[in-house]
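A.B. asks: Build the complex from these two chains, which are given one at a time in their own frames, with help from the hints.
Going down the list, the protein sequences come from chains V and D.
Using the numbering used here, the letters of the first sequence correspond one by one to residues 1 to 115.
Using the numbering used here, the letters of the second sequence correspond one by one to residues 1 to 111.
Mixed in with the good hints there might be a few duds.
Chain V regions said to be covered by chain D (calculated; three or more residues, Cβ under 8 Å) [stated by the list, open to error]:
no., region
1, 17-28
2, 64-71
Derived DMTMM-like pairs: lysine to aspartate or glutamate, alpha-carbon spacing no greater than 20 Å straight-line [what the hints assert, rightly or not]:
no., chain 1, residue 1, chain 2, residue 2
3, V, Lys-15, V, Glu-85
4, D, Lys-98, V, Glu-68
5, D, Lys-2, V, Glu-44
It should be emphasised that the hints constitute simulated quantities derived from the structure, not laboratory data.
C-beta atoms are modelled at their ideal positions from N, C-alpha and C, and glycine is treated no differently.
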Amino acid sequence: GAGVSQSPSNKVTEKGKDVELRCDPISGHTALYWYRQSLGQGLEFLIYFQGNSAPDKSGLPSDRFSAERTGGSVSTLTIQRTQQEDSAVYLCASSPPDRSTDTQYFGPGTRLTVL
Amino acid sequence: RKEVEQDPGPFNVPEGATVAFNCTYSNSASQSFFWYRQDCRKEPKLLMSVYSSGNEDGRFTAQLNRASQYISLLIRDSKLSDSATYLCVVNKERSNYKLTFGKGTLLTVNP
Numbered sequence: 001g002a003g004v005s006q007s008p009s010n011k012v013t014e015k016g017k018d019v020e021l022r023c024d025p026i027s028g029h030t031a032l033y034w035y036r037q038s039l040g041q042g043l044e045f046l047i048y049f050q051g052n053s054a055p056d057k058s059g060l061p062s063d064r065f066s067a068e069r070t071g072g073s074v075s076t077l078t079i080q081r082t083q084q085e086d087s088a089v090y091l092c093a094s095s096p097p098d099r100s101t102d103t104q105y106f107g108p109g110t111r112l113t114v115l
Numbered sequence: 001r002k003e004v005e006q007d008p009g010p011f012n013v014p015e016g017a018t019v020a021f022n023c024t025y026s027n028s029a030s031q032s033f034f035w036y037r038q039d040c041r042k043e044p045k046l047l048m049s050v051y052s053s054g055n056e057d058g059r060f061t062a063q064l065n066r067a068s069q070y071i072s073l074l075i076r077d078s079k080l081s082d083s084a085t086y087l088c089v090v091n092k093e094r095s096n097y098k099l100t101f102g103k104g105t106l107l108t109v110n111p
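The shape of chain D in the complex, shown without the other chains (with noise of 0.2 Å):
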């Protein structure tokens, strides 16, 4: 099992859709997750961290179930700049902060 696996995608929306991405992380003793966004030839930027209980920053809901070593990523009324691949990010270790990265997930709205 990969350490960290998203759907590669690709996802095409139109505009106003709501779109959901799914992530698994195999190692239960991950300590952060996040979700970072990488638009094409540019530097991935963080979207937003997720925690257990669940956060949400405006159009964006991001979900965690430890049990189930599963991440979720929501985007609601998707605009055409939401087009990018979304990048599912793990912790595996506090001490030295080394990320994980899944391959992303491609989404493009369509106007």
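Next up, chain V with everything else stripped away, as it sits in the complex (with noise of 0.2 Å):
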């Protein structure tokens, strides 16, 4: 079946910028992760969502991201005035409803970079 999906897979912008990274999770999956990978680094935890609402803002670096996620499914994720220190793979993961796996599924990234 289809797997969680990234649009756009590249984004070049320039600094003080607004983007926006769309992920279309698995169908039926109800959770729904962000995460950004930096250059040599490992995964830093963005944001998660049950469902529409956001139970864990905690890894939003600042309030120049944010998040919102619609209809239980596709889920979009906007920097507002883009820094280049913001430059990373942004990856997005979704977990289906059955609470006895952990497991998540991860889409190929949005690689942004910030000139």
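C.D. replies: This is how it looks when you write it as structure tokens:
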């Protein structure tokens, strides 16, 4: 079946511009996660959705970062007034409602470059 | 102490070798444990979950020592296709499935 998809796959933007990154989770997956991975660094948790609500936003690095999820499906991560340190790969993952597993399925990521 | 700590490597081994990776975690209340694999410029993919009793999947064996807060992954008879970064992953809280990733250990298997 279809996996997690993300768009765009690559995004180059100028410092100060806003960007929107999109994630389409696996159909039926109620949990959705955003992570980012900077060069040479591990994955950094950003935010977690259960359905349309976000019980854990603790990883968002600043108020320039926000995310929403509508219809319990697609999620958008928005970065306002981008800075060079925002350059990273932004990964989305989803997991099924069955609480017997913690497995997360990752999308291919969006590589963001801020010039 | 970092939440999840791994030897970054790189590990360079010949085909057929046995290689072991170790990982330590700081939160004794951690609930579940995994090894993910990440190929260059690709997304992470679950390799295997790690259970207290230890578990094996083909050439891969994972072990968990809760008392020492230590996780290991053993790869036997390594293949060229095993070349990747291996991520140690811990779920601190069962309630929200928030995963904490180590930075990964880079493995290169040479012909």
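A.B. asks: Starting from the hint list further up, note which numbers the structure goes against and sort them upward.
C.D. replies: 1 and 2
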